[in-house]
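> Residues per chain are reported as follows:
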Amino acid sequence: MLEEIRIGVYVCHCGSNIADKVDCPAVAAYASQLPHVVVARDYQYMCSDPGQELIRQDIKELKLNRVVVASCSPRMHEPTFRKVCESAGLNGYLYEMANIREHCSWVTEDPQQATEKAKALVRAAVARVVHHEPLFERWAPVNPNILVVGGGIAGIEAALKVAAAGNKVWLVEKSPSIGGNMARLDKTFPTLDCSACILTPKMVSVAQDENITLLTYAEVEQVEGYVGNFRVTIRKKARSVDLNKCTGCGRCQEKCPVEVPSEFEAGLAMRKAIYTPFPQAVPNKPAIDREHCRHFTRTKGKCRVCFNVCQVGAIDYDQEDELVTYECGAIIVATGYGLFDPSVGPQWGYGRYDDVITAIQFERLVNASGPTKGKVVCKDGRVPERIAILHCIGSRDENYHPYCSRICCMASLKLAHLAREKTGAEVYNFYIDLRAFGKGYEEFYNRILEEGVNFIRGKGAEVTQKDGRLVVRGEDTLLGRYREVPVDLVILNTALEPQPDATKVAQIFGIQRSADGFFLESHPKLEPLKTATDGVFIAGCCQGPKDIPDSVAQGAGAAAEALSLATAGKVKISPVVASIDPDLCSGCRMCLPLCPYGAISFNEEKKVAEVNETLCKGCGTCAASCGSGALNVRHFTRNQILTQIEEVLAV
Amino acid sequence: MSTSTLELLPEEGLEPGFAAQVASYPGGEKIRRCIQCGTCSGSCQMSADMDYTPRRILAMVRAGMKKEVLSSQAIWYCAACYYCTARCPMGIKLTEVMFALKSLALKEGYVSLKQHSPAFYKSFYEVVERYGRMHEASLIIGLALKTNPLDFVGLAPFGLNMFRKGKIEILPHGVKNRQEIKALVQQVQRLEVR
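Chains as they are written, first to last, in the numbering used here: chain A, 1 to 651; chain B, 1001 to 1194.
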């Protein structure tokens, strides 16, 4: 390099976040003596307007051609300072950030050690930035179509919002109908709206919207491409029913001889092998569950009952899975949650005693279209006189799920209300803490208190039987007394957990997961809907337990994220990608199978590997594998990294 | 125990360091995480007979009510069934905490070795130290000698019956290498001196 290197170093106090541990003026003074450093300053908040202006002026007046800011993690403010450099006419990649907050002041007890470490980090950054090269961002067009995965309330809301903006959207749902978990609920807290009554109109809107293509009984198999330009492969599972011919008359379901426990009714009722999950299903047309259908199993083709009764010839036993591809610019994943199975904890008696049921089962029991037509009864038909509702089953428990499932407190209050309304029973809620956090929730809690529900502050520790009656054992911790409460029906309010196939789904869409298994957002506060993969957004309970208002808000929010991408029409592609020096490449092809994005191909003519820069994400896997040193990731070249390491270790 | 009136808990009677002391025992590490849910009390087979429920014992430990905790019956009523430990949602090893409290109560003179429960534990310990395994006859004789032998006279016919049925033996069967067991026990004792 012929030009003279002129570096400016800026040490941020971050209020007291850094300055409490690190002697910032001393670090700046130290930096000013490092090679090529023309100016070194410390300042209260480098990210503030005056802080940014400081850098801008220095670049112009002192003719800086490299900038180092020692402050926080690059996650938030690297883009900020890059922009500052660019606004002063300096390429943003001639900038380097030393993290002296997360990596230093926040994790170091001793101020002297913290200061020494900060000096080392700054020294390394200064040495590294010398080797930086100007890089240029590129733009790629954005496909305005959008994919929504999951047809629960979050996915429905997202699809409707996208469609309302005039963009085409495909909504993919793995079960035969959209509606998700909300469709199974009886009432919703705190307003006690009938769940189906507020959900079904939205489901119908989805079916009628011209911009929405609804694919039920379908799953996404593969996602290729990158933000703005995804290519998605979707498997339409063989439904064995021709949706164009079927009128949804229901005769096939009446006549089908095979009965299977209904998923929708949480096992409290049976469904047929050919079935629509529930009366308001969208589409209101059945699918054949081939795993249980006699035609496909026992009778090996002999049973043709549904085929014979269908007057429009919609039954098609020969239908096969179909793979379709969809090109879109953004993806919204709203795949929802699973429910904790309480039979793993024998203390709660689930699976052992007939009258121990889960909250979702009670929702079906109390629902007018449920298995008992809304009558709340025990297994033997008695109307329960005493009912216990146990909160936090599988939640807030290190043996199962350490997190709080958020909705159970309010749902339990609602169930207590419904139970009293339907049966007049004495209701006992065993709770640890009551979290009535939402709008109108505290008022709802007050209402339930006034209705005379009994609250016992103590976790229901054990459900057992005494003289033929169920007994809930627990401590009334407010009284400091041990209690055995006899009841006729026990409702376990079970934890919300990640979907059983969350691992697979996360892999397909390139989403990371938090320790609890739910999908991980980019930033817990400021980017709750984004993921590590640009252009892939998450909404609803796949990210963590949420109530309906929050899920709806996230669905709409994710639609806004996707639409802002689509509306911009173009997307910035990072120049931090792999590059191959064809003179050094030995053609060993080691890197080809390692690339997770299929961005490397082999040029048979020249016998060297080549990188497709649009597909490359700059992860560096290839560079680490290259035996001949031909592969480098720009902005993370061997030279840059090794210089940085050498300097940070230099005494 | 009075639950009907709200008595002032005198601050000068509290020992702020008590929780830390209990936490320093093996198994006591997580007592600060207790959310007072009462799973322990609800699972405990003995809580109906205790003066304080297990959950309350933990609350008292954290509040520094050393005197009340170490003189309570509850800590001696614990039958070490480990239900509380298995079910505790915060992973607190309450059974181990109960052992720690027993040990502290003895060490700090809140109970005397003449009382049945402590004497039983002590006798059990001595038998195992001596023979490397249990010997019921020695256990009960040790217990009788430590407390009041007359209390045990009534048990003689019962013991005789058990002997006839081969349930207890007169002479102990020690393990091989008793010296090693003894050395082991002594090493633990040295480690436990704090």
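None of these hints come from the bench; they were simulated from the model.
Any given hint could turn out to be false.
Cβ pair distances, simulated, as ranges [claimed, not checked]: (1) B:I1170 / A:K379: 52 to 60 angstroms; (2) B:V1128 / A:G438: 52 to 60 angstroms; (3) A:L339 / B:I1170: 36 to 44 angstroms; (4) A:E102 / B:E1015: 54 to 62 angstroms; (5) A:P50 / B:E1015: 47 to 55 angstroms; (6) A:L339 / B:A1137: 22 to 30 angstroms; (7) A:D516 / B:A1137: 51 to 59 angstroms; (8) A:D516 / B:E1029: 19 to 27 angstroms; (9) B:K1165 / A:G468: 30 to 38 angstroms; (10) B:V1128 / A:L479: 21 to 29 angstroms.
Cβ-to-Cβ under 7 angstroms is the rule here; a few derived chain B residues that face chain A [to be verified]: (11) R1032; (12) S1041; (13) G1042; (14) S1043; (15) T1085; (16) P1089; (17) A1183.
Some, not all, of what chain B presents toward chain A, calculated at C-beta under 7 angstroms [what the hints assert, rightly or not]: (18) C1037; (19) T1039; (20) Q1045; (21) S1047; (22) T1053; (23) R1055; (24) G1091; (25) A1105; (26) K1107; (27) G1109.
Note that this is a predicted model, so its numbers are computed, not measured.
For each residue, glycine too, the CB sits at the ideal point set by N, CA and C.
> Does each hint fit the structure? Answer for all of them.
These are the hints, each one checked on the structure:
no. : hint                                 : result
1   : B:I1170 / A:K379: 52 to 60 angstroms : holds, 56 angstroms
2   : B:V1128 / A:G438: 52 to 60 angstroms : holds, 58 angstroms
3   : A:L339 / B:I1170: 36 to 44 angstroms : violated, 60 angstroms
4   : A:E102 / B:E1015: 54 to 62 angstroms : violated, 39 angstroms
5   : A:P50 / B:E1015: 47 to 55 angstroms  : holds, 53 angstroms
6   : A:L339 / B:A1137: 22 to 30 angstroms : violated, 55 angstroms
7   : A:D516 / B:A1137: 51 to 59 angstroms : holds, 54 angstroms
8   : A:D516 / B:E1029: 19 to 27 angstroms : holds, 23 angstroms
9   : B:K1165 / A:G468: 30 to 38 angstroms : holds, 36 angstroms
10  : B:V1128 / A:L479: 21 to 29 angstroms : violated, 40 angstroms
11  : R1032                                : violated, 14 angstroms
12  : S1041                                : holds, 3 angstroms
13  : G1042                                : holds, 3 angstroms
14  : S1043                                : holds, 4 angstroms
15  : T1085                                : violated, 11 angstroms
16  : P1089                                : holds, 4 angstroms
17  : A1183                                : violated, 37 angstroms
18  : C1037                                : holds, 4 angstroms
19  : T1039                                : holds, 5 angstroms
20  : Q1045                                : violated, 10 angstroms
21  : S1047                                : holds, 4 angstroms
22  : T1053                                : holds, 5 angstroms
23  : R1055                                : holds, 6 angstroms
24  : G1091                                : holds, 4 angstroms
25  : A1105                                : violated, 21 angstroms
26  : K1107                                : violated, 27 angstroms
27  : G1109                                : violated, 27 angstroms
The structure fails to meet hints 3, 4, 6, 10, 11, 15, 17, 20, 25, 26 and 27 from the earlier list, while all remaining hints are met.
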